[in-house]
Structures are given as structure tokens and as C-alpha cells.
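Chain residues, written in single-letter form:
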Amino acid sequence: MSAIKSVFSDSKSAFIPYISLGDPNYDLCVDWADALIRGGADILELGIPFSDPVADGPVIQKAFKRALANPFSMDTILETTEKIHSLHPHIPLVYLTYFNPIFHYGFEKFAEKAKIAGIQGMIIPDLPYDTPETDELFKSLKRRGVDLIHLVTPATPLNRMKGIRDFASGFIYYVTSYGVTGERKSISADLEDRIKITKEVISLPVSAGFGISDADQAKEISQYADGIIIGSAVQRIIEENGSNPSLCRKKLEEYAQSISGSLRGKN
Amino acid sequence: MAKERSFTEKEGYFGDFGGRYSPEILTEALIELEDTYNKLRKDKKFQKDLEFYRKNYIGRPSPLTYAEKLTKAWGGAKIWLKREDLNHTGAHKINNTIGQALIAKAMGKRRIIAETGAGQHGVATATVGALFEFETAIFMGEEDLRRQKLNAIRMQMLGAKVIGVSSGTATLKDATSEAMRDWALNVSNTHYIVGSVIGPHPFPTIVRDFQKVVGEESKKQFKKENDKLPDAVVACVGGGSNAMGMFYGFLNDKKVKLYGVEAGGRGPSPGEHSATMLFGKTGFLHGTKTLVIQDEGGQVVPAHSVSAGLDYPGVGPEHAHLHSSGRVTYETVSDQGALDAFMEVCRVEGIIPALETAHAFRFAKDLAKELGKKKDILICLSGRGDKDVAEVARLVGFSQGDLI
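Chains as they are written, first to last, in the UniProt record's numbering: chain F, 1 to 267; chain D, 1 to 404.
Calculated from the structure, these hints are not laboratory results.
It should be emphasised that the depicted structure is a prediction, and the values quoted were computed from it without experimental measurement.
Careful: at least some of the hints might be erroneous.
Unchecked claim - Quick list of in silico lysine-lysine cross-link-like pairs, BS3-like style, CA-CA up to 27 Å:
#1 D/K69 / D/K257
#2 D/K69 / F/K185
#3 F/K185 / F/K196
#4 D/K55 / D/K254
#5 D/K281 / F/K65
#6 D/K223 / D/K374
#7 D/K161 / D/K149
#8 D/K224 / D/K254
#9 F/K250 / F/K65
#10 D/K39 / D/K105
#11 D/K220 / D/K72
#12 F/K139 / F/K115
#13 F/K219 / F/K196
#14 D/K105 / D/K223
#15 D/K254 / F/K113
#16 D/K281 / F/K139
#17 F/K162 / D/K39
#18 D/K257 / D/K42
#19 F/K62 / D/K224
#20 F/K109 / D/K281
#21 F/K83 / F/K109
#22 D/K69 / D/K224
#23 F/K62 / F/K142
#24 D/K161 / F/K62
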């Protein structure tokens with residue numbers, strides 16, 4: 001069983017927060033990660049900034065823009081990841097990024113270095129399973145025991161879920177709503193059914209993300225989802241408080257505690 | 001274990017380029033579009049409707065004009081112009097929007113969206129929005145809104161909502177990203193009319209198919225007039241839709257040399273040009289694998305051109321393939337070269353060309369001399385330059401005195 005898969009259990013739902021690496025700088029990201037893990041994160045998603053994040057809403061777009069104001073290099077990303085990993089070696093780390101920076105760096109080199117830095121999984125929103133590059137990347141990651149986590153959306157039909165099954169491992173990132181990342185007030189009515197179907201077809205834990213921001217939403221969805229992913233709401237705390245590191249750290253830890261405490265099996 | 005798979009042109013690959021690299025939320029819509037288009041392209045009623053609108057609304061076939069004055073002024077090969085500027089709305093863009101609007105209707109979509117740089121695609125989309133009664137939204141970078149105010153006003157007059165995009169560099173690249181985000185949110189009732197031969201499969205194929213009328217008509221017209229084919233064909237390339245449409249008619253005619261002209265901008269430094277073929281590397285942008293201007297970290301570098309329509313850091317994947325196969329030669333012309341050609345074509349030939357096309361003219365001027373008097377060059381005059389007059393006047397310091 002992969003390190004990621006072992007986080008999930010039938011009795012509780014995992015908390016998976018997200019931060020954009022480099023926002024506002026690479027050193028402070030280590031602090032944000034530490035605060036979120038201390039607050040109860042079970043898996044941490046680390047965003048690798050990209051200039052053209054088409055699947056992301058305004059909050060993460062702005063975070064990437066702030067991050068890219070720092071000189072970007074994949075080596076800095078990997079070093080920062082290693083620092084986070086050394087602080088909390090038992091918490092699985094997952095990269096969420098667009099495909100171009102990885103392709104540019106080189107699959108093999110990237111997979112090798114990411115594994116050493118402590119990465120256990122990859123989420124790439126603009127790399128669908130049915131591309132030649134997925135074959136190659138999947139093999140490269142699999143050899144190192146790194147999971148390739150796929151997205152399933154409200155628009156994904158059964159036949160695509162079956163296709164995804166061949167290339168997915170770790171968990172499925174279930175996109176709760178149409179559109180891009182960002183906080184939303186309401187959750188679609190058929191979410192529970194869709195998550196159940198996804199679990200049946202793909203036989204992997206299913207974590208829900210996109211639009212979840214508060215403890216009540218997280219609590220409700222955690223009744224049937226194996227994990228809760230929160231990106232924009234976490235990133236907003238950094239956007240609003242990042243210039244005051246001690247306050248930002250405190251707010252992130254408190255927020256993580258509130259979400260983590262609300263989830264199924266964690267009360 | 002995953003099976004080995006191969007990917008072909010049918011699946012949207014042109015050699016090593018193309019494909020569908022878009023967020024999963026859009027994939028079903030792209031498959032629906034592909035399936036619908038594959039049915040419609042063989043459907044006689046669809047072809048008849050397309051033909052009707054081409055003839056009676058766009059005004060096709062557009063003329064092929066012998067540019068006698070330019071030929072004389074440049075002192076070399078004979079210059080011929082394919083007059084896409086004479087289409088309704090003033091550019092080749094309407095060829096594609098009419099076609100995609102008919103597809104959107106067939107899919108039962110009520111809303112259309114588009115990205116636009118220079119605004120010609122926005123105007124063409126707003127036009128079909130009015131004609132076919134779609135709710136229409138156009139995404140346009142704030143910087144382009146400033147440069148292309150006239151077109152933004154035209155779009156609004158045609159009933160479209162124009163949404164300014166301030167993210168990133170506030171130009172075409174960011175307008176494209178924003179249109180993709182809107183589509184992800186509204187994919188069930190909205191069709192995204194991509195304006196160039198870019199984007200995830202099937203867009204590069206669909207746009208090329210609707211633009212290939214330019215090359216096919218040109219070939220017939222030129223043959224009828226001259227009983228031969230042109231020796232060279234020149235077209236400007238941003239995303240590359242007019243060039244792709246023009247070249248496609250001549251791809252199998254190996255004796256016809258094909259030249260795509262990109263924006264050399266202010267110089268070769270990153271951020272100063274849109275010369276994707278010269279400086280781009282293989283990458284992934286806006287759902288397709290193509291050549292992309294990017295830095296050493298794989299971040300997309302903002303493009304620059306005096307012409308908002310060429311200001312894009314990627315290029316259509318089929319162009320990337322034609323470049324790597326060597327079938328088409330890609331060249332660059334600087335901002336200043338384009339401005340000079342713009343003014344020269346206005347004064348010599350009595351045609352105000354789009355700034356995009358002015359790049360093609362500037363390159364053709366040198367080529368005409370190089371080829372000599374016995375040869376023929378065909379230039380795709382992709383659009384008229386009314387939209388550019390204020391910006392050109394500002395840049396060249398045009399004053400009242402110049403009017404005399």
C-alpha cells in the first residue's frame with residue numbers, strides 16, 4: 001500500500017489542505033506547511049506555480065503571480081519540499097501543478113528528485129489520462145512508488161472513469177463543481193451519489209475538492225468522502241496575512257484545526 | 001498495467017504536436033464537439049447552410065487582386081492579394097465563427113464565448129451571436145481593450161458582453177485562459193468559439209477546416225487567372241488561422257513555397273517579440289502541445305507585438321508540425337518593419353491593411369526582390385486595418401500635416 005493510500009480509512013476522512021509554493025516566498029512556505037500539519041493536515045498538497053493556470057480561480061491565480069515574482073526554479077521547489085518533508089516525514093506530500101514545468105524539467109529527472117524530496121503523489125490538472133505523456137510519466141512515477149492522482153469531475157462519464165482507473169493510484173481528486181478552483185456557498189445535490197459511483201468504478205479512496213471552504217461544508221461532505229481538499233480558502237488566509245508571518249501561521253493552524261476537527265471520525 | 005497506445009492525426013496530433021491537454025471538466029464537451037463535428041462535416045444540409053452563409057453573408061468568394069502598384073514599387077515578383085479584408089466584418093475570422101456558430105446551434109447551445117486579441121475574432125463572434133441569437137461574451141485583455149477600442153465598441157453594439165481581463169499580461173494569452181475558465185463553469189450550455197488553430201483537439205482541426213476555404217479559393221482563382229500556381233505564398237502567423245487556411249490549399253503543391261511571418265517585435269530578448277518558431281520550445285499551453293515561448297523553468301514568457309492579433313506566445317500545433325517538417329518556412333518582421341509596410345501599402349495600393357498583415361507585406365517586399373520579375377507571390381490580406389489606425393497614428397506620430 002502506498003503511503004498516501006494508508007492515510008485513508010473507513011472510519012475517518014482525511015484533511016488535505018493546499019498551499020502555493022513560493023507565496024510570498026519559499027522560506028515562509030515552510031512555515032505555512034508546518035502550521036497546517038500541526039493543525040491536523042493528513043496529506044499536504046503543494047502547488048508548483050505556473051504562469052497560465054487555466055483550472056484555477058482568482059485566489060490561486062494571484063498566489064501563483066506572487067510566487068512567480070520570486071525567481072522560479074524547479075530546484076528551489078524541490079529544496080523547499082525537502083525542508084517541509086524533513087520537518088514532518090510521516091505526512092505525505094503531493095504536488096499539484098500544470099504539466100509544462102514538469103515536461104520542461106524532464107520526466108525522469110523530475111520523478112527521481114521529487115521522490116527524494118519526499119513527494120508521494122502528483123496531481124496534474126491539464127494532463128488527462130489519454131495522452132502519450134501520461135503513459136510515460138505514469139511508468140516513471142510508478143517505478144518510484146509515487147502516485148499519479150487523477151481528477152474526476154461532474155462531467156466525467158463512466159467510460160472515462162474506467163480509462164482513468166488504469167492510470168490512477170493513491171486517491172481520486174473528485175471535483176465537486178463545474179468551473180475552476182475557488183470557494184463556493186452551495187454544494188451540488190448529487191455529490192454523494194457521484195462520489196459513490198467513482199469509488200465503485202475506480203476502487204480508490206475519493207477526496208473531494210473545489211469550492212469547499214468552511215467547517216460545516218467539510219463536515220457534511222466528509223460523511224461520504226474519504227478526504228476533503230481545501231485550496232483557495234487556505235490560500236486566502238495567506239493572501240490576507242502573509243505579510244505578518246506569525247499571525248498568518250497562527251491563523252493557518254487554527255483554520256486547520258477547525259476543519260480537521262469537523263471531519264468524520266476526528267471529533 | 002496500462003496498454004501501449006498510439007496517437008494519430010484523427011485524435012488531433014500533427015506529428016508530435018497537438019492533442020488534448022485540457023482540464024478533465026472540459027473533456028466531455030470536447031468529445032461532444034468532436035463527435036458533432038465529425039457528423040456535421042459529412043452532412044449535406046450543414047454544408048449547404050455553410051455555403052449559403054459564405055456566399056450571402058460573408059460575401060465569398062473574396063477577390064484575388066493583382067497589386068499592380070505594389071509590384072511596381074517593389075520592383076520584383078508580381079504581388080497578388082487574397083482579399084479577406086473584404087469579408088463581412090473585415091477579416092478572415094468570420095469564416096470560422098459562422099462555421100462554429102452552426103455547430104453550436106446543432107449542439108443546442110444557447111451561449112457562445114470567445115477570446116480576442118485584436119478584436120477581429122471578437123467582432124466576428126459577436127456578429128454570429130447577433131445573427132443566430134446567442135447570448136455572447138467576449139474575453140479581451142485590458143491592454144488590448146486600450147489598443148483596440150473600436151472593435152470593443154463594435155462588439156458591444158452587436159450585443160456581446162465584453163469582459164476585460166486584467167490578470168497576467170492582460171493580453172490574448174490571458175483572455176484565452178479566462179475564456180477556458182468560463183467554459184469550465186458553463187460548459188453545459190456554452191460553446192467556446194476558439195478563434196485560431198490553437199487549443200485542445202478538435203479546435204485546431206475545426207478552425208483549419210473552416211479557414212481552408214481561403215487557400216482553396218485562392219488556388220482556383222490564381223490558376224484561372226494565370227494558368228499556373230503562385231511561386232510563393234505569404235501569410236502572417238500569430239496563432240496562425242489565416243496562414244493555416246491559406247497554406248492548406250497548397251500543402252501538396254511542393255513547388256509552391258510557403259512562408260509564415262511572425263512578429264519580431266522590438267527585438268530578440270524574451271518578452272519583446274512573439275516569434276514562437278524562432279524562440280519557442282515544445283511545451284503545453286491552452287490545451288495543446290506545441291511550440292511555446294517559455295523560460296528555463298517552463299513558465300510561459302509574455303509575448304509582445306505592435307499588433308495585438310499576433311501577440312501570443314504559442315502557435316497552432318499544425319504550424320509547429322509544418323515548421324519541424326520543413327514544409328513551411330517561418331520568418332519574422334519587426335514592429336518597425338510592420339509599421340513601415342502598413343504606411344506603404346496604404347499609400348501605394350490604397351488599402352489599409354491590418355497590422356498583422358503588414359508583417360506579411362514587409363517580408364514579401366524583400367522576397368519580391370529576391371525572386372525577381374518572373375515570379376508570383378500571393379499574400380493573404382487577412383484583414384483590414386481600420387481597428388489599427390489610432391494605434392498606428394500614435395506610434396508613427398501621424399499629424400494633421402501628414403494628411404495633405
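Results of checking the hints against the structure:
1. D/K69 / D/K257: holds, 23 Å
2. D/K69 / F/K185: violated, 65 Å
3. F/K185 / F/K196: holds, 22 Å
4. D/K55 / D/K254: Roughly 30 Å between the alpha carbons, so the hint for D/K55 and D/K254 is violated.
5. D/K281 / F/K65: Roughly 22 Å separates the two Cα atoms, so the pair holds.
6. D/K223 / D/K374: Holds, because 16 Å separates the two Cα atoms, which is no more than 27 Å.
7. D/K161 / D/K149: Given that 27 Å is the threshold and the Cα spacing comes to 14 Å, the pair holds.
8. D/K224 / D/K254: Holds, because 19 Å separates the two Cα atoms, which is no more than 27 Å.
9. F/K250 / F/K65: Given pair F/K250, F/K65 holds - Cα atoms ~24 Å apart, limit 27 Å.
10. D/K39 / D/K105: Holds, because 14 Å separates the two Cα atoms, which is no more than 27 Å.
11. D/K220 / D/K72: Roughly 25 Å between the alpha carbons, so the hint for D/K220 and D/K72 holds.
12. F/K139 / F/K115: holds, 14 Å
13. F/K219 / F/K196: The hint holds at about 17 Å.
14. D/K105 / D/K223: The given pair, whose Cα atoms are some 36 Å apart, is violated under the 27 Å limit.
15. D/K254 / F/K113: violated, 47 Å
16. D/K281 / F/K139: The given pair, whose Cα atoms are some 24 Å apart, holds under the 27 Å limit.
17. F/K162 / D/K39: holds, 26 Å
18. D/K257 / D/K42: Measuring from Cα to Cα gives roughly 31 Å; hence the hint is violated.
19. F/K62 / D/K224: Violated: F/K62 and D/K224 sit about 56 Å apart, past 27 Å.
20. F/K109 / D/K281: Holds: F/K109 and D/K281 sit about 19 Å apart, inside 27 Å.
21. F/K83 / F/K109: holds, 19 Å
22. D/K69 / D/K224: holds, 22 Å
23. F/K62 / F/K142: Roughly 33 Å between the alpha carbons, so the hint for F/K62 and F/K142 is violated.
24. D/K161 / F/K62: With a Cα-Cα distance of about 24 Å, the restraint between D/K161 and F/K62 holds, given a limit of 27 Å.
Hints 2, 4, 14, 15, 18, 19, 23, counting from the list given before, are not met by this structure.
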